[in-house]
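All the letters of the sequence shown, read from the start, carry residue numbers 4 to 150 under the working numbering.
Hint data in this document are derived by calculation from the structure and do not stem from the laboratory.
Please note: incorrect hints may appear among the correct ones.
In the DSS-like style, the derived pairs of lysine-lysine whose C-alpha atoms are separated by at most 27 Å in a straight line are [what the hints assert, rightly or not]:
no.: 1; residue 1: Lys91; residue 2: Lys126
no.: 2; residue 1: Lys114; residue 2: Lys23
no.: 3; residue 1: Lys98; residue 2: Lys126
no.: 4; residue 1: Lys114; residue 2: Lys91
no.: 5; residue 1: Lys23; residue 2: Lys91
No experiment lies behind these values; they were computed from the predicted model shown.
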Amino acid sequence: MSLGILIREAMQGWIELEDKRQPFAIQLEAFTQRWWSLTAPRPFQGTVSLGLGTPLPTEGVLTIFPSGPHYEIRFYHPDYGWLDLSGKKTYAFSKLHHSLTTCPLTVFRNKRTIGRAELSYRKPLWQFPLESLRLARRPTPVGDQAL
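Between the sequences and the hints, there should be enough to build the whole structure, so can you do that?
Shown next, in the form of structure tokens:
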């Protein structure tokens with residue numbers, strides 16, 4: 004068992020593929036024992052939801068930078084197959100609330116851009132550190148061994 008940081012995040016928004024927009028949401032859990040390294044990539048697992056359909060398993064990597072977190076998301080879409088989404092929140096003082104909560108994403112299939120998405124943290128911001136960040140003990144993940 005290792006002590007580390009657990010991040011739980013839930014965001015909602017939309018995904019647009021072939022000019023068709025539909026509701027899109029993600030719930031993720033990212034864990035790393037490299038809690039002293041802010042920019043350490045944090046692999047995550049979770050679910051994505053498309054409209055009112057059954058949640059689909061997802062995985063990816065969350066990397067936190069001083070300028071904003073970067074998300075790499077992968078899941079199997081029932082109509083489009085394997086999709087990869089990549090995006091970053093970019094903090095800006097002029098639009099602070101929007102930049103802290105909203106993440107634009109590009110959607111790829113086979114490394115080719117096929118759409119876009121936007122996800123937002125919709126709860127009050129003061130709740131994020133209280134609900135989403137935890138010290139936790141987990142089995143030591145492969146590839147996340149302490150040096």
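Hints and how they fare:
As the CA atoms of Lys91 and Lys126 are separated by approximately 19 Å, the hinted pair is consistent with the 27 Å bound. About 20 Å separates the Cα atoms of Lys114 and Lys23, which keeps this hinted pair within 27 Å; it holds. Of the supplied pair hints, the one linking Lys98 and Lys126 holds, its CA atoms being roughly 17 Å apart against a limit of 27 Å. Between Lys114 and Lys91 the alpha-carbon distance is near 18 Å, which keeps this suggested pair within the 27 Å criterion.
A hinted pair counts as satisfied when its Cα atoms are at most 27 Å apart, and Lys23 with Lys91 qualifies at roughly 22 Å.
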